[in-house]
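Engineer: Please put together the full structure from these sequences, using the hints given.
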Amino acid sequence: MAFLEIDGLKKRFGAVEILKGIDLDLEKGGFLVLVGPSGCGKSTLLNTIAGLETITEGEIRVDGRTINDLHPSKRDIAMVFQSYALYPNMTVAGNIAFGMEMRGVPAGERQKAIDKVAKVLQIGHLLKRKPSQLSGGQRQRVAMGRALVRDPKLFLFDEPLSNLDAKLRVDMRIEIKRLHATTGTTIVYVTHDQIEAMTLATKIAVMRDGEVQQFGTPAEIYNNPVNLFVADFMGSPAMNLIPATIGSNGSGFSVVMEREARQPISLPLGNAPAGLSAFQGKPIIFGVRPEALTDPEGAERNASNIARADCHIEVIEPAGSDTFAVTNLGGKAVVARLRADAKIQPGTVTPLAFNLTKAVFFDPATEKRIV
Amino acid sequence: MSAVATPARQSTGGISARTVNRIVIYGLLALFALFYLMPLFVMLVTSFKTMDEIQNGNMLALPQEPTFAPWIRAWSEVCSGLTCVGMKGYFWNSIKMVVPAVIISTLLGALNGYVLTKWRFRGATLVFGLMLFACFIPFQSVLLPMATILGSLGRFGVKLQNATGLTFGFGNPTVNLVFVHVVYGIGFTTLFFRNYYEAFPNELVKAAQIDGASFFQIFRRIMLPNSLPIIVVTVIYQFTNIWNDFLFASAYAGSGDVMPMTVALNNVVNTSTGVVEYNVNMAAAMIAALPTLLVYVLAGRYFVRGLMAGAVKG
Amino acid sequence: MSTVAETSITLTPEHDARPGATVRSRLQDALPKLVLAPSFAATIVFVYGFILWTIYLSFTNSKTFPSYAITGPRAYQRLWRWTFESDPPSSWYTSITNMGIFGFLYISICLALGLFLAILLDQKIRGEGVLRPIYLYPMALSFIVTGVAWKWFLDPGLGLEQTLHQWGWTSFHFDWIKNKDFVIYTVVIAGVWQASGFIMAMFLAGLRGIDGEILKAAQIDGATTFQLYRRIVIPLLRPIFLSALIVLAHLAIKSYDLVVALTSGGPGGSAWLPSNFMYEYTFKRNEMAVGSASAVIMLMTITAIIVPYLYSELREKPR
Amino acid sequence: MLRKLLIGTALASGVAFAAHAEDVKEVQMLHWWTSGGEAAALNVLKQDLAKEGFAWKDVPVAGGGGDAAMTALKAMVAAGNYPTASQMLGYTVLDYAAAGVMGDLTETAIKEGWDKSVPAALQKFSVYDGKWVAAPVNVHSVNWLWINKAVMDKIGGTEPKTFDDFIALLDKAKAAGVIPLALGGQNWQEATMFDSVVLSTGGPEFYKKAFNDLDEESLKSDTMKKSFDNLAKLVTYVDPNFSGRDWNLATAMVIKGDALVQVMGDWAKGEFNAAKKVPGTDFLCYRFPGTDGSVVYNSDMFGMFNVPEDRKAAQIALATATLSKSFQSAFNVVKGSVPARTDVPDTDFDACGKKGMADLKAANEGGTLFGSLAQGYGAPPAVANAYKDVVSKFVHGQIKTSDEAVTQLVSAIEDAK
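First to last, the sequence lines map onto chains A, B, C and D. Residue numbers for the first sequence follow the numbering used here, so the first one is 1 and each next one is one higher. Residue numbers for the second sequence follow the numbering used here, so the first one is 1 and each next one is one higher. Residue numbers for the third sequence follow the numbering used here, so the first one is 1 and each next one is one higher. Residue numbers for the fourth sequence follow the numbering used here, so the first one is 1 and each next one is one higher.
For the record, the hints were derived by calculation from the structure and aren't laboratory data. Hints should not be assumed to be uniformly reliable.
[Said to hold, decoys possible] Label-pair ranges, simulated between beta-carbon atoms:
#1 Gln64/B <-> Gly157/C: 14 to 24 Å
#2 Ala112/C <-> Asp229/D: 42 to 52 Å
#3 Thr163/C <-> Pro308/D: 51 to 61 Å
[Said to hold, decoys possible] In silico negatives: residues of chain B with every beta carbon more than 12 Å from chain A:
#4 Asn21
#5 Glu53
#6 Gln64
#7 Ala69
#8 Cys84
#9 Phe136
#10 Ala207
#11 Ile210
#12 Ile222
[What the hints assert, rightly or not] 35 Å max Cα-Cα, derived DSBU-like pairs, lysine-lysine:
#13 Lys88/B <-> Lys354/D
#14 Lys254/C <-> Lys284/C
#15 Lys368/A <-> Lys332/A
#16 Lys361/D <-> Lys284/C
#17 Lys233/D <-> Lys417/D
#18 Lys325/D <-> Lys172/D
#19 Lys355/D <-> Lys226/D
#20 Lys153/A <-> Lys112/A
#21 Lys174/D <-> Lys233/D
#22 Lys284/C <-> Lys325/D
#23 Lys216/C <-> Lys167/A
#24 Lys131/D <-> Lys400/D
#25 Lys417/D <-> Lys284/C
#26 Lys46/D <-> Lys96/B
#27 Lys177/A <-> Lys74/A
#28 Lys88/B <-> Lys51/D
#29 Lys154/D <-> Lys417/D
#30 Lys159/B <-> Lys25/D
#31 Lys46/D <-> Lys63/C
#32 Lys209/D <-> Lys284/C
#33 Lys131/D <-> Lys154/D
#34 Lys216/C <-> Lys130/A
#35 Lys51/D <-> Lys159/B
#36 Lys177/A <-> Lys368/A
#37 Lys159/B <-> Lys361/D
#38 Lys10/A <-> Lys177/A
#39 Lys131/D <-> Lys63/C
#40 Lys216/C <-> Lys96/B
C-beta: ideal position from N, C-alpha, C; glycine also.
Structural biologist: Here it is, written out as structure tokens:
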């Protein structure tokens, strides 16, 4: 039995269905990231777990106990908000202790708890300040401290890093990861940033329009997206999704991509998924991640199925650690990830290596993956 | 802060253009200050003049022989009806009515604003719209029906008194006035607080809920301590309106022992016959207006700040 | 982090769902509505109930006291007839035309002057702290307090005209308060005097709330000061215009004591506003039905102006 | 703080009620006599009652010649908190009596002989349906001229006997450079003056028919038109700043000698008294030219409300004291009016007061005592105010000709009936 179980959860505002039947579960000590574009219902889902919003149908269980109708304060959870939601009229210490105060914890014990948390988060020197006197990162720490001090069964994070600048965001991400590793608490984390999702999660739920599109480990989500949306949403730069058709070359299938003013590229598929046979001669979406589309020298040595094709390079983007090259296939800009020192000039024609082991195919009609 | 750069900053003309500009601005500001001060000035100088000087002199002239006699008369001798104890006797009557009315209406407004923004329910907007529109009712048209209801409450008070020995304030004119001002004040106070709380982060309320704070604990510990600017605006607004009310006060609390300041002042100033002691009248008017003036002058700075903090939005 | 885990504060054991918890939680759910209920009920009874009562009375033959036998719309028929009696003007005709003149001038001048003063005061003025209360204080005073001073000031024999004559400007004439065609403008002057400072404060607050970067951007774009205000600042103040409009509309409609204190109704009743009409007929002339009917018409007019505004304002921000 | 206040007030009222167990020895009195002379006059009554052991709970509401007080009274009655008595005028008493909220003083009235000593014209308002509901305090008369004697001597004027005499006198003053006529341009002052003009122009019969019986033929007659023309003539003698002026300021103009004459009710004498002016030497009081022998009156009354039994004794004491000869004399000497009963000795009154009392007695006996329409004694308030509207609009030029004025007067009165 999982630690957090969500069964058939639905949420309606009047006639509008915000959550359309969510089923998720998370093991004890797991780190679940809810990710998706804004308006997908991820924050609503988090709020229903917190008890800040009621649910219309379904059940939420924590540690085997149904918490559907419990008041937020009785669910044994803690939550960190996007804006941190620090009480402006209280000091840092007051903020951290407020929950305990509400529960009638004696002052002495509260002080002890505050000191402990302050030590862990290194905010001891801030305890007497008001939130308005803190920097963004400090506020973030205080918000986490307020959550930590409760030692809850479940931590909820609502886009906690989105108000920080880029560098601080990375630092805090690591901090959260470390926190998770050392305390072993169970965490549900909402973000629209797929890097956060990939780096932090033990489980990811990709959401869209109130539905879970895919639920699995980061690797599953990344490598085996179930549909076009997940494929497109996860990963940066995003997966190349190229309109193509399936041809056959006697021994097997090939994927054929149109090009402007050039011969179409045809790549032979060694280990095509079984479902592809139904699409012979029909259009499909060919998905290949930028890192599976490289210069031949940088290609993965032990990949079993690598195909080469000459491509016309339109733009080069040196990014330091890598160089991205943009070409045009099937009428779409396609990004290839090359080694940093790849010697390629824009406007030239260069052979690129397609790692077809990592390629995926989608049915344009259903947008589902062809397996 | 907007602080639109003064035109001079972009002009290339240098100091002279800038100086001219500043002179024009200060000149205009001073001119309008004169316009606003004029009635107060007339009242002030008149209150220090003798009657001779008033009848023979210029309205705007400074007093030739300043005298405090009118002020002393207004404070401790002037008559309202047959009672000649000066304005000082009515101060307490007004305070007794204004303070509870302001506190209750402000508190209710804050609670209503809190509910209407942080605990929204189906129809909350309609409820608010109805309460807001209520601000527009002309008070003259509620005078009589309200009197009828207050009368029944008073009779209920007599029954209570027979049963328990106490009226619990039913039928007491001061309590009645407090009630009336609260009823017709909550529209505005709710408007003020609702607009302010609309911009107040919801996440704070959510965090407090998770922290285990109850409905009222959130209000008392989180909302109220962060509402100072709007409390200032509301209190100033309510205080002046209630202090200055004449219609309800004269109709519901006209008798000498409970009469608020404005009714007494009206009796002093609005004499239908007899010699009019303008200097005493002006002094009495100044005395009656002193609390509200003081409130505006002392809290004026916070007033603008409070308006900034949300009262003026939508 | 384990250190925190070790302290594991013992919370009051409220986790279990005790019997009766559902009743309590239901009460919790209803609490916000319960808190709002008294205010809302009071509004319904003491405002809308009384409005219904007034509407009812307007269809009766009520004279000195309310009478509850419906006798038809005679009061409205009379008001309707009076609406078109312009020469000589009926009191009702005077009241509504005055409301038009007063309402328009009072609101537009207050808005213009308030904005103008706010812009001036926002130019990093030394002594702002002194000027602001000077502009603001009239709002603190009722016309029972300032009425006499105003009467004096406007009286040609005692006030401004006489003063200027004494100072040598003998050709100066300012006798509007004595003139049936101009007396309403003196009411406008005093009304503007009272409310414009308050409007100024609202605009000042609005100006202070504008993001300075927008203005910098506009200046870099080469906008002159005038353009800056006309094209950027004033449009940004739109919500304040609307709030100010509500405040002013409500003050204009309730302007009763202003007319009485200043003009006692003006020469031949030429300064009356609808609120004076209503008061006169209800309380003085003992024609309560007509007074009620005029109140109903006032309320209908307010409704026609305010409700669309409220509707748009309250709809704009759904959640 | 708040709680303390609430409990405090609750306790206070509780204590007050506790004292009410037996007869309440207190009168609650609503009035608008807030200025020096009037308040002093009323104080006499307060002291008279105090001697008998009755406390005086004062409810003064000034403003608008009783408007604000009447509004307060309406609210008090709507709430069911009747005052012991309220100052009231003419038809208002009857309105409240018709609404059934007035008390019954008939027993006292008979005992005290009011029905014989109070003029019949006044009883029309103090007696409703055979019951005494109000105690008249005084009789004011509005058809007076108040003249500054020094100015009169300077221009060599004599008492005007006819309207034309009056115009001639005003011309003399104008020639001498004084403001001939002091008028306050408020509708009730203008209408009060017009009452006298109509009486002078049309005579007593006409006045009664037009302004007391509201006879339409009379209202639209040529006589009424001529009255308006005469009013128009008078208005040419006022100074340009007259509009909106309070009546006592107009009186002050006469007192100071800036103006020759004011047409005003005898309450103006209170102003002369207060300025220590003596009738005959400093100022002159004449009847409005052409109205000698008639009295256009109004009267302040104390309407007596239907108070609870335990307050009736105090009410009777108040009414009795009000109509006692000593109070009637003392009060009216100060107020400028004349007693509401015709059997009060005139010894304490000045020359004008003596004349007023004699005139009242004669008019009462001769049937020439008429209610003032402007003062609410000719017709109910709706009509009276419609009348004031028309007169005021005529004076200030909204109504341009006397023809139009007559038409307007007829339709306005018809409308208001």
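Engineer: Check each numbered hint from earlier against the structure, then list the numbers of those it violates in ascending order.
Structural biologist: 10, 11, 12, 13, 18, 24, 29, 33, 37 and 40
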